[in-house]
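**Q** Quick note on our numbering: the sequence shown kicks off at 1 and runs consecutively.
Hints are not guaranteed to be accurate.
What the hints assert, rightly or not - Taking CB as the label site, the calculated pair distances span:
(1) Lys-63 with Gln-272: 40 to 48 Å
(2) Arg-93 with Glu-360: 29 to 37 Å
(3) Pro-418 with Asp-460: 37 to 45 Å
(4) Gln-318 with Cys-465: 16 to 24 Å
(5) Gly-376 with Ser-193: 31 to 39 Å
(6) Lys-197 with His-420: 40 to 48 Å
(7) His-420 with Met-230: 30 to 38 Å
(8) His-420 with Arg-93: 29 to 37 Å
(9) Ser-99 with Gln-262: 30 to 38 Å
Hints listed in this document are in silico derivations from the structure and should not be mistaken for laboratory results. C-beta: ideal position from N, C-alpha, C; glycine also.
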Amino acid sequence: MFPLSSTVVRSAVKLLPPGNWRPGCVWCPYRNISLKLGGLKPRTVPPRYLGQPSPFTHPHLIKHGEVTPGVSQTEYELRRHRLSSLIEAQSDRLGPSGSSSTHVAIVLSHPTRYMTNDIPYPFHQNQDFLYLSGILEPDSALVLYGKGRPDQAILFVPRRDPGRELWDGPRSGKDGAAALTGIERVHCTEELSVVLKSLKGSVLWYDSSQPAHPQLHQAHVGPVLEAGPMPHSLRPLTHSLRAVKSSAEVALMQEAGHITAQAFRRTMGLSQGDVDEAVLFAKFDFENRIHGANFLAYPPVVAGGNRANTLHYINNNQIIKDGEMVLLDGGCEYFGYVSDVTRTWPVNGKFSPTQAELYEAVLEVQRSCLSLCSPGVSLDHIYSTMLALLGRQLRRLGVVKAGTSDADALKAARRYCPHHVGHYLGMDVHDTPELSRSQPLQPGMVITIEPGLYICENDDQVPECFRGLGVRIEDDVVIRDKGSPLILSRDAPKSIADVEKACAQR
């Protein structure tokens, strides 16, 4: 397997001008390809329940021509073609035979996972598979193939089975999946190994180290791998595409951000002296779901008092005392795209002078970091700036001595904020982990900005008034080509005045 350099990943997310655009084609500004109109043959979606929402069964959610709410057949086709273009670009690095070989890319869905015996967990799709196909059913697969450029798609979905559908719900079947996605060639999943062997691909693109679906891997893909060369990893290429969002993706993330922001506002309104973390958890979950979210994006942190200094505290089962603050880190998933927001507030509705001083220090740093969110700047650069600014705030607060050197102030900043300034966001909370945070940001990328200060109650090196306080403020940010960044979570109360106002609206 050849190493995929950071240069390759970086070039994959550059926004290039449409050099060969022609009338009669659709141009995708975030994907350097055009697609001729009429390339997708429209089919009538079967007038029955499928394995996922369709325009027939869920007209309130999904329009004709969409595969999933807000994302059209054309956009999914553009994504597959863009991936094919990246593979084609890599073929030259494989030697003279690369461009003349048949390339086969394989992406598997997730399986159904069970909590016990025959009780399944709620199904959550493999994001790479969902990104390229729009299919929400388990036990499915997508294969792309072609000479030099794998731009032909084959979809595999579970066979219709009345016996299983009685227990598990409807399946789309071949006809439903073809009509919904626009992919013409659809097979039953059990035919995957036969089709793969028939393609005789000499260059395979597949992530074999951690198969998304171990059973399908063992039964269908494993035998093909044994008979051929080591496959090349597909994940870095797919993640480079996922990192840059289309206007449709940004619209879905805007809605996720808006839902979560309103959930924060209403959860603040429930706060009062001596409140159970579980009550705030339940309120936040309820407000997200009742206003359109599918579910929470991850187990939220609802940490009162000193527990805010445990970064991944998710027990959420203690009483927050009157006079303490609560740190709530939560977000929702809205049709495949997520939010990730953090706010910290006093449960009695009023910041004490010390709480306000620490909160304002973090807020000032966060605002400065948000102002840096523009093309060409990396997350690592914003992180370095965050540490320098936090170091100055720690000196101002007296957490470190006024005469402390800049180098020692930076060490203190790392101690009192032991995490990065942010991460990529999209279909997953910590999205596209294959991308380095040293990579320059591009228009269409979505990131979080989340500075914090965490001072444990037993830290005798700081003034006693700050001990046991933890503050983090996090927003979701879209990088834009011109002007200021788009803050998806801007409606969540953040200034001290707005937070106290929200807490008072009970």
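**Q** Now tell me, hint by hint, if it's right for this structure.
**A** Right, here's what the structure says about each hint:
Separated by about 43 Å at the C-beta atoms, Lys-63 and Gln-272 satisfy the suggested range of 40 to 48 Å. For Arg-93 paired with Glu-360, a C-beta distance near 51 Å fails the hint of 29 to 37 Å. Judged by the Cβ atoms, the range 37 to 45 Å given for Pro-418 and Asp-460 is violated: they are separated by roughly 19 Å. Our hint of 16 to 24 Å for Gln-318 and Cys-465 holds, since their Cβ atoms are close to 22 Å apart.
At roughly 46 Å, the beta-carbon separation of Gly-376 and Ser-193 lies outside the given 31 to 39 Å, and the hint is violated. Between Lys-197 and His-420, the C-beta spacing of about 45 Å keeps the proposed range 40 to 48 Å intact. For His-420 paired with Met-230, a C-beta distance near 33 Å keeps the hint of 30 to 38 Å intact. Between His-420 and Arg-93 the C-beta distance comes to about 31 Å, which sits within the given range of 29 to 37 Å.
Against the hinted window of 30 to 38 Å, the Cβ-Cβ separation of Ser-99 and Gln-262 comes to about 52 Å, which falls outside the hint.
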